[in-house]
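Trainee: Residue-level listing of the chains:
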Amino acid sequence: MAYSDKVVDHFNNPRNMGSFKKDDADVGTGMVGAPECGDVMKLQIKVQNDTIVDAKFKTFGCGSAIASSSLATEWLKGKTIEEAQKIKNTDIVQELNLPPVKIHCSVLAEDAIKAALADYQKKTDGQPTGTK
Amino acid sequence: MKLPIFLDNHSTSPMDPRVLESMLPYFVEKFGNAASRNHAFGWAAEEGVEQARKQIAKLIKADAKEIVFTSGATESDNLALKGVLEMYKEKGTHIITSSTEHRAVLDTAKSLEAKGLATVTYLPVDKYGMVNPQDVQNAITDKTILISIMLANNEIGTINPIQEIGKIAKAKGVLFHCDATQGVGKIPVDVQAMGIDLMSFTSHKIYGPKGVGALYVRKRNPRVRIAAQIDGGGHERGMRSGTLPVPLIVGFGKACELCEQEMVTETARLIKMRDRLQTDIMAALEESYLNGHPTNRLPGNLNISFAYVEGESLLMGMKDIALSSGSACTSATLEPSYVLRALGVGTELAHSSIRFGLGRFNTDDEIDYTIKKVIEVVTKLREMSPLYEMAKEGVDLKSVQWAAH
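Going line by line, the protein sequences match chains L and S. Just so you know, we're using the working numbering here: the first sequence kicks off at 1 and counts up by one. Just so you know, we're using the working numbering here: the second sequence kicks off at 1 and counts up by one.
Only chain S is shown next, with the shape it has when bound in the complex (with noise of 0.2 Å):
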C-alpha cells in the first residue's frame, strides 16, 4: 500500500490509465481541427470527437447529437442557466433551485439575481439533504421557466428523486435542468425516464481528464434552444463556439464507455468498502454521525461528524489520508459547509464533519488503514478536546454561555 491515500474522489478522480491511451493518439499524430472539413488530419479529429459523443450520450441514454461540449460541469451549468433564462426570457424570468446545489448553480443563480434578470426560489431540503417534489409543484408560477436540481449531492452524496421532479416540470412545460456532475458514471442515468431536458457533467469526477465537460440539451420532447454564452465559429450547434479539445473528449468518451461497463461490479465493490468503512469507524466511536441519506447515497460517499473535535484538525491528524471536511477552517469563507447547515446539523457538528469519498483505485487495505488511523485521530484528539472533557462531566454544552468571538 502507497501513502498518501487518496479518498476524495468526490473533488477529482484519478485518470484511468486505459482513458489516457486512448487520448495519446490525439496530440501529436491526429492533432487536426475538428472543425477542419476539408483534409484528412480534421477528419481523423472529427472521427474520434463523433465517437466520444457516441459513448458519453450511450452511458445517459442520450443521442449523440444531444451533447454539447464545454470545459467543465462549472460551464455547463452556467451555460444551461444563462442560456436558458435568455432564450425564454420573454416567456418568463423565475428559476426554481435548492439550497444545497453546487456552487456552480447558486453563484449563476445569484449572479442572475443581481443583474435583476431573473427571480429564484431556494427549496430547502429536508434532514438527509433531499429535495420534495411536492415542494417543486408548490413553487412552479406561471413565469417559471426552469427548474434546476442536483442529481447527487458533492458533499453528503444524498440522491434526488430527479424522476419524479422531472415528471412534474414535464406536466407544468418547465425546462429541467440537472447537475449530474457526481452522479454520472456512479449511478445509473437516463435522461429520458428521468425527464431531464438539460444536464451538467463532466470528465474529471469518473477518471477521464481535466478541462472537458458537457451539457446535455434535448432535441425532441421538447426541442430546448438556449443561448450561446461564447460566440465565434458557431461549434457544438451553435450552442457553445471554440475549437473542440480533441484529445480531452476522446478521453472523456473512454471514461464515459467504462463507467458504462464496469458500474455494476465497481457500484458492488464500492460500496461494500464505504459500509465498511462506516460501520467499524461509527462502532468504535461514540457520537459520531451519519450525514445524509443512510442509504438513497451514492456508492462512494461517506460523511461522518465526529462530536467534540473539530475538522481540520482532523484532516490535519490524517495527513497521510486525503479527505475532505466541512469545517469552516477549511472553507475559504471560514463559514462552515452550507449543506450540512441545510440539513439542519448544528454548526458545531458542521465544523466536525469528515468527507470520504471512495473511487475506482481504492482497495481493501486502504480502508483497513483508514479505519485504524481515523480512530486513533478522534480519540487522541477527544482527549485533547475541553468540550469532550466537559461533555463526560456531565456539562450539557448547550446551557453553557460561550463568550463568542
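Next comes chain L alone, as it looks inside the complex (with noise of 0.2 Å):
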C-alpha cells in the first residue's frame, strides 16, 4: 500500500505529540480505540477562553492513524470548542487522501475530538465558560 505524502510527512514529523497533565483543570482528555483493534488515539486539548490554545496526542496505531491524530492536533490550535465539534472525518479523509481500508482512522480522529471537548466540558460543567 502506498502512503500519500501528507501521511508520510505526519508520520515522520508528527506535530504536537506528547501529553499534558490529564487533571489540569483547563484539559480535556479523550482516550479512544482499544489495544485488540490495532489502535488507540489519545488526544488532549488545553482550553482558555472557550479557545483551544493548544493540543497534543499520542496513538498506537498505523502510519495513518498517526497521521490523523498529529493532523487533528493542528486542527484543533486555535480553534473555539464550537468550531472544533464541527471537525468531520470526511475532513481527514480528504486532506490526508486516504484509502477507504483507512477511514476508521478518521473516525477514530473525530472520536477522539468529541472526547475531548466532552471530557474539558465536562470539567468545567456548572461554571461559567472562560473562568475557571
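It is worth saying that the hints were derived from the structure and are not from the lab. Some hints here could point you the wrong way.
[What the hints assert, rightly or not] Result set (DSBU-like, lysine-lysine): computed pairs, CA atoms no more than 35 Å apart in a straight line:
hint, chain 1, residue 1, chain 2, residue 2
1, L, K6, S, K115
2, S, K392, L, K6
3, S, K392, L, K79
4, L, K123, S, K110
5, S, K170, S, K219
6, S, K91, S, K143
7, S, K115, S, K219
8, S, K319, L, K88
9, S, K219, L, K6
10, L, K122, S, K392
11, S, K210, S, K115
12, S, K110, S, K167
13, L, K88, S, K380
14, S, K319, L, K77
15, L, K79, L, K46
16, S, K319, L, K114
[Claimed, not checked] Beta-carbon label-pair distances, calculated as ranges:
hint, chain 1, residue 1, chain 2, residue 2, range
17, L, S19, S, A193, 57 to 63 Å
18, S, D126, L, K6, 44 to 50 Å
19, L, E82, S, D396, 33 to 39 Å
20, L, S19, S, Q134, 49 to 55 Å
21, L, E82, S, S99, 51 to 57 Å
22, L, D5, S, K167, 54 to 60 Å
23, L, A25, S, D126, 49 to 55 Å
24, L, E82, S, T363, 54 to 60 Å
25, S, D126, L, P99, 34 to 40 Å
26, S, F31, L, D9, 36 to 42 Å
27, L, G18, S, D396, 19 to 25 Å
28, S, V400, L, E83, 26 to 32 Å
29, L, D5, S, N33, 38 to 44 Å
Don't be surprised by glycine CBs; every beta carbon is placed ideally from N, CA and C.
Got two chains here, separate frames each, mind docking them using the hints?
Mentor: Next up, the structure:
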C-alpha cells in the first residue's frame, strides 16, 4: 500500500506529540480505540476562554492513525469549542487522501476530538465559560 | 550496502544468478516442447526437464519419477487435497490438518467442506506453533483418508515433528501430505525417513524462478494415486496436464542443486546472523517477545512482537527494510495473524509482530543496519504510544475499559 505524501509527512514529523497533565482543570482528554483493534488514540486539548490554545496526541496504531491524530491537533489549535465540534472525519480523509481501508483511522480521530471536548466540558460543567 | 534491504525471504527470494544462467539456453535456443517425442527440439527440452527432475528429487531423497510439476505450491496443495479426496472418496472423506497451515491448504480444505465433499479436523498447535503427533493419532477415524501438516510455518518458522506424524499415518494406513514450501532447500528433507506420501514445494522460495512448483507423489509403499484437476494431454503421468514450462523447470532444478550443495554452510551463516539480530534487538528493547519455537525453527526466520507499538507503523518507520507484519493493518481481512492467534498470542501482541526473513543474499552489514533501525523506530513509536505511557505509569492495560470501535 502506498501512503500519501501528507500521511508520510505527519508520520515522520508528528505535530504536537506528547501529553498534558490530564487532571489539570483546563485540559480535556479523549482516549478512544482498543489495543485488540490495533489502534488507540489519546487526544488532549488545553482551553482558555473557550478557545483551544494547545493540543497534543499520542497514538498506538498504523501510520494513517498517527497522521490523522497529528493532523487533528494541528486543526484544533486556535479553534473555539464550538468550531472544534464541527471537525468531521471526512475532512481528515480528504486532507490526508486516505484510502477506503483507512477511513476508520479518521473516524477514530473524530471520536477522539469529541471525547476530549466532552471531557473538558464535563470538568467545567456548572462553571461559567471562560473562567476557572 | 544498498537500500532497500530485502528481509522478506519467506514471501519470495531473489533469483540466484547461477539459476538464471542455467535457464537462458531454454528460451531461444532450446525452446522445444518437452512432450514432442519426434524431433531434436523436443528431445533437448525433455533432457533439460529430466535433468531438473533428478536434481529436485535428489534434494528431497525421492525418485525423479515421483516429481509432478505444477505452477507452484498453491496448485500443489490444491492438487494433493482435491486429488486424493476425489480418488479415495469411497474409502472416506475425512481430512486432518492444523490451524496454522498456509491459506493454500486451509482455503482448499474449507472449499471442500463447503461443497459437502469432506469433513475436516483442524488440530490446534502448542504455544510454539507445533502440532502434537498424539493429537493427530487421536483425530484419526476409519473415515480418515488424508493428513496434511506443514513442515515449517511461513510466519513463525516453527518446524513440525513430521517424522513422528509420518509414522502414525503409515501405521494407520492414512496418506500423509506435507506442505514443505518453507522447508525444502532450507532444512534437510527426506521423504522416505519422514514417511511423506505427498509433498508440496516451490521454486521461488529457494532462489529459483516464480511460476513453477512440484508435488511429490509417492510411487511405492504405497503407490499413491490422485485424480487430475487439470485435464488435457495427460502430461506428468496423467496427474497434471499442460505444456511444461521448460526454462522455469530447468531453473527450479538448478536452484535445488545449489540448495543441496550449499545447505550446510548457508544454514550456519544464516543462524549466526539471525541469532545476532534476535539477541541484539531483544537485549535493547524491553517487552519484546519471540513468537514461535526458540530453537526448532527455520534458520532464516525471526518473528518478534514489540509491545505497545503497532506493526504497520513499524514497517512504515523502516521503509528501507522489506519486512512483514502480522498486524491487521497489513492484511486484506483487517484481522491480525491467525497463526499468532492460534499460538495464544494476544491480539494486541499479534498487531505488534514483525517477521524477519533472512536469506542467501543478506549480509552482516544489512543485519547491523536492521538492528540499529529497529531499535530506533520502536523507541520512537513507543514515545508516541499512549499504551507505553500508561504502562510506564503503572496502569494495568488489561484493567482498562476500552472504547472498542
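Trainee: All hints are to be evaluated individually against the structure, with a verdict given for each.
Mentor: Now for the hints, and whether the structure bears them out:
{"no.": "1", "hint": "L:K6 <-> S:K115", "result": "47 Å, violated"}
{"no.": "2", "hint": "S:K392 <-> L:K6", "result": "31 Å, holds"}
{"no.": "3", "hint": "S:K392 <-> L:K79", "result": "32 Å, holds"}
{"no.": "4", "hint": "L:K123 <-> S:K110", "result": "54 Å, violated"}
{"no.": "5", "hint": "S:K170 <-> S:K219", "result": "15 Å, holds"}
{"no.": "6", "hint": "S:K91 <-> S:K143", "result": "7 Å, holds"}
{"no.": "7", "hint": "S:K115 <-> S:K219", "result": "30 Å, holds"}
{"no.": "8", "hint": "S:K319 <-> L:K88", "result": "30 Å, holds"}
{"no.": "9", "hint": "S:K219 <-> L:K6", "result": "59 Å, violated"}
{"no.": "10", "hint": "L:K122 <-> S:K392", "result": "27 Å, holds"}
{"no.": "11", "hint": "S:K210 <-> S:K115", "result": "31 Å, holds"}
{"no.": "12", "hint": "S:K110 <-> S:K167", "result": "26 Å, holds"}
{"no.": "13", "hint": "L:K88 <-> S:K380", "result": "29 Å, holds"}
{"no.": "14", "hint": "S:K319 <-> L:K77", "result": "31 Å, holds"}
{"no.": "15", "hint": "L:K79 <-> L:K46", "result": "11 Å, holds"}
{"no.": "16", "hint": "S:K319 <-> L:K114", "result": "33 Å, holds"}
{"no.": "17", "hint": "L:S19 <-> S:A193: 57 to 63 Å", "result": "59 Å, holds"}
{"no.": "18", "hint": "S:D126 <-> L:K6: 44 to 50 Å", "result": "45 Å, holds"}
{"no.": "19", "hint": "L:E82 <-> S:D396: 33 to 39 Å", "result": "37 Å, holds"}
{"no.": "20", "hint": "L:S19 <-> S:Q134: 49 to 55 Å", "result": "51 Å, holds"}
{"no.": "21", "hint": "L:E82 <-> S:S99: 51 to 57 Å", "result": "52 Å, holds"}
{"no.": "22", "hint": "L:D5 <-> S:K167: 54 to 60 Å", "result": "58 Å, holds"}
{"no.": "23", "hint": "L:A25 <-> S:D126: 49 to 55 Å", "result": "53 Å, holds"}
{"no.": "24", "hint": "L:E82 <-> S:T363: 54 to 60 Å", "result": "59 Å, holds"}
{"no.": "25", "hint": "S:D126 <-> L:P99: 34 to 40 Å", "result": "38 Å, holds"}
{"no.": "26", "hint": "S:F31 <-> L:D9: 36 to 42 Å", "result": "51 Å, violated"}
{"no.": "27", "hint": "L:G18 <-> S:D396: 19 to 25 Å", "result": "23 Å, holds"}
{"no.": "28", "hint": "S:V400 <-> L:E83: 26 to 32 Å", "result": "31 Å, holds"}
{"no.": "29", "hint": "L:D5 <-> S:N33: 38 to 44 Å", "result": "50 Å, violated"}
Violation of the numbered hints given earlier is confined to hints 1, 4, 9, 26, 29; the remaining hints are satisfied by the structure.
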